[in-house]
Amino acid sequence: MVVASHPMIELRRLHRFFGRTRAVNDISFTLEKGEVFGYIGPNGAGKTTSMRILATLDLPTYGDALVDGFSVVTDPDRVRKRLGFMPDYFGTYTNVNCAEYLDFYARAYGLVGRERHRALQHVMEFTQLDALAEKPIRGLSKGMKQRLCLGRSMIHDPAVMILDEPAAGLDPRARIELREMIGELASGQGKSILISSHILTELGEMCDRIGIIEKGELLAVGKVDDIRDQMGAKRDVRIRVLADAEKVVAWLQAHDEIHEVKQADSQIYYSHSGTRHEEAQVLAQLVREGFEVAEFASHERTLEEVFMHVTKGIVQ
Amino acid sequence: MNSGEIILAEAIERRSKNPSSSWLSTLVDSVASQVTDRLNPILVKEARQALKSRQFVVTFTLLLIAAWVWTLFEISMNMPGVYYTPLGGELMLGYYFILAVPMLVIVPFTSFRSLASEQEDGTYELLSITSLTSRQIVTGKLASAILQMVVYYSALAPCLAFTYLLRGIDVATICLLLFYTFLASVLFSAIGLVFAGFSTQRTWNAMVSVLLLLALAFGTFGWLVFLVDELYDELARVPLDAPEFWIGNLVAVTAYISYLVLFVQVAAAQNSFASDNKSTRIRVTLLVQAACYVGWIGFAFAQFGFEPQVPIVASFYAAFHWMIYGAYLCNEGDIVSPRVKRSLPQSFLGRMLLTWFNPGSGTGYLFAVATFGTILLAFVVIGSVFEVLGYQRRWGPNLGELVWGLAFLLAYYIAYLGLGRILLRMIPAWQRQVFLVPILLYVVLLILGVVTPLGIDAAISRNSNPTYSALHSSNWAWTLNEVLDNRSVPVAVYLLVLGSAALIFLINLIMATREIEAVRIATPQRILDEDRSPATDT
Ligand SMILES: Nc1ncnc2c1ncn2[C@@H]1O[C@H](COP(=O)(O)OP(=O)(O)OP(=O)(O)O)[C@@H](O)[C@H]1O
Ligand SMILES: [Mg+2]
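From first to last, the protein sequence lines are chains A and B. Position one of the first sequence corresponds to residue 329 (this note's numbering), numbered consecutively onward. Position one of the second sequence corresponds to residue 267 (this note's numbering), numbered consecutively onward.
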């Protein structure tokens, strides 16, 4: 057994231009075995483009991407063997049912005999498609198609999976199941998974690390907590005072660890970058100063808020 | 475990999962899956689809109905005579026309649509990232086409047996007719797959479809006319005992195989990944085809005597082919991918001999010129051998005229192909992906070469009946005609034609230096590691 000295996915200064549009503009990151990496960004950020390059369906204008040490530019045939790709569209054939569809891809990936039957059975069970085996795929609902698509991308037991918005169109229950599936694939089977989504709360929960991308550039990479820390502000605080709101605002603004103070009538909002103890100290001081604090509520920034904070919503 | 044991083990495994099914059906299932494992996955998928497809059922039914209508019509027209006149030949011809439409138009066009629609629907992308190579995809599509043909044949099988019973046609003729139609259908389907590779860009889709349909209709028409013309008189009996018949068949089969292999390789190359070597195999095929061609022409000389007209006709035929091949080769990109560089020849001799097989438009141009030149040289050599052996010459140019004629032909080839290549470089690569673009460019170039001097001449001399002069040097048709008819051509023409060919060749050679100088690069360690121990998956 050779110990892998290389990451499972590596993007090296990846660029992809379409005319003047810089769909991917100098993106680099790596992904280790068994890791789940979440790709988030507004529409048109370049997520699909970079994923398609990784899946050997497009070529970089400049830079390279490696899967298990093999370049997608020069050795796509080797990359394809260890890569499962779930695109954001769904290619269907007429007159084919679910079982035949999966069987076809299993054959196309070179699985034969009992190996193929096992792979099919495993995938059907895993994606809970058993009951739909005989159903023609043209008649499947969106969520069922998503499952079938996921099933297809994992039929050959790839070491690396690239899932482009797999949760799109799934009902809440299916989403939770998808999250469990992905957890199982990563921690149970040791697959490296790159996943893009717009549903940030979910991504935050299932990903080991995330990358925030906008206009083809990677704005932040790391664990969700780390990115939150990098952004400075950790918690958003809301207080309500019975009187002297203006004075409270002035008092708060004098503190270093307090940012973005806003006031609406008796409500005051600010964000706090210190520890929870320091936050409690602020409350204690406010009371000591004689302000009449009626309410004091704080909550951690969600990924969504971090996302809104980092990106600017510029569509190119 | 041998395969028998595997089948049994599988049956047991299946039965244990699904105890309600019978032993027999599980065993049949297992045998079927063992057999289909060896087949191309695309064939398996499309066979399943075809069984449920409406188009297939409709064609099949129409075919049956047409065959029955024709049978009843023929019999009722000849009613009392059916019992004593041999009707087989006539009846067969009718079936043959009925079969030609599905075999030569519908099946090839279905192959084309089948591959083209995969590209439109995005399923081709999903297919391309599986372990299937682009060649497997193409041969899978071809195999599906063959499956359809077999089904259509079997629909007509009772009718064909009936023709035999009615006498007037023998089994060998029926089989030969069906076999050749089958071969034509496979070839047309391969052409359909090549066309599918052209239409990756939506804008060209409609045009490519129409062009293909026209080509297929034309091909079918030609095929039927050829058949009626050649075979109808002797339809009853092919001359199985005549050696010419078999030699003719052998020639046809050699040509057939070389074209079929070529089309499959072109279709596969169009669909494979960017850094793959898309050229070497095609060039080897072209070389083998050229060798067969020269060989058969030489054989024809030996067999039928020296007719100087033969090498000239053969040269023009070769020129037509190599203009198209040349356009294809010159349209390749000019960057040698790192993937290809890993396996470049390293020795001096290897570089000398094999560089021309490397991908790239520059080496492609040189390859085309070298091969076409060698074909012409071979004709000259064959011609002189027969001249030396003292073969009688009945008509046509003498050896000297032949040599000069072919020299001019080669010069024009070098010049026009090279000029076209220089112009092609100016069109962005993505715009000339569709092979129609270079073809169009060359056609325009060749026409301009003829028309421009004619126009100038007419404008200057106001003579509706121009005479040949150096002005017409670029008019390849006229110049070649003059040279081959042994009329004295001005010295300036020699200088202009041969000189510009040399110049254009030199420019192209200089443009190709980067390709020629490409040297082998080391294979990445990761790949060597995997190749050494493919089993250890990380
Ligand atoms: N084939 C193409 N030709 C031209 N421009 C393209 C092409 N594909 C993508 N783009 C452009 O590249 C940019 C990035 O697109 P991409 O599909 O990667 O975004 P995305 O992050 O996946 O967005 P979404 O969240 O909407 O799926 C967009 O501006 C898009 O218009
Ligand atoms: Mg997208």
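Please keep in mind that the hints were generated in silico from the structure rather than gathered at the bench. Wrong hints could be hidden among the right ones.
As the list claims (entries may be wrong) - When the alpha-carbon atoms are kept at most 30 Å apart in a straight line, the in silico DSSO-like pairs for lysine-lysine are as follows:
(1) B:Lys-607 / A:Lys-473
(2) A:Lys-473 / A:Lys-463
(3) A:Lys-361 / A:Lys-551
(4) A:Lys-543 / A:Lys-361
(5) A:Lys-470 / B:Lys-318
(6) B:Lys-318 / A:Lys-463
(7) A:Lys-590 / A:Lys-575
(8) A:Lys-361 / A:Lys-473
(9) A:Lys-470 / A:Lys-543
Going through the hints against the structure:
1. B:Lys-607 / A:Lys-473: violated (42 Å)
2. A:Lys-473 / A:Lys-463: holds (11 Å)
3. A:Lys-361 / A:Lys-551: Given pair Lys-361 of chain A, Lys-551 of chain A holds - Cα atoms ~16 Å apart, limit 30 Å.
4. A:Lys-543 / A:Lys-361: Holds, at roughly 28 Å.
5. A:Lys-470 / B:Lys-318: holds (24 Å)
6. B:Lys-318 / A:Lys-463: Status holds; Cα separation ~14 Å.
7. A:Lys-590 / A:Lys-575: holds (12 Å)
8. A:Lys-361 / A:Lys-473: holds (28 Å)
9. A:Lys-470 / A:Lys-543: Holds - the C-alpha atoms of Lys-543 of chain A and Lys-470 of chain A are around 29 Å apart, at most 30 Å.
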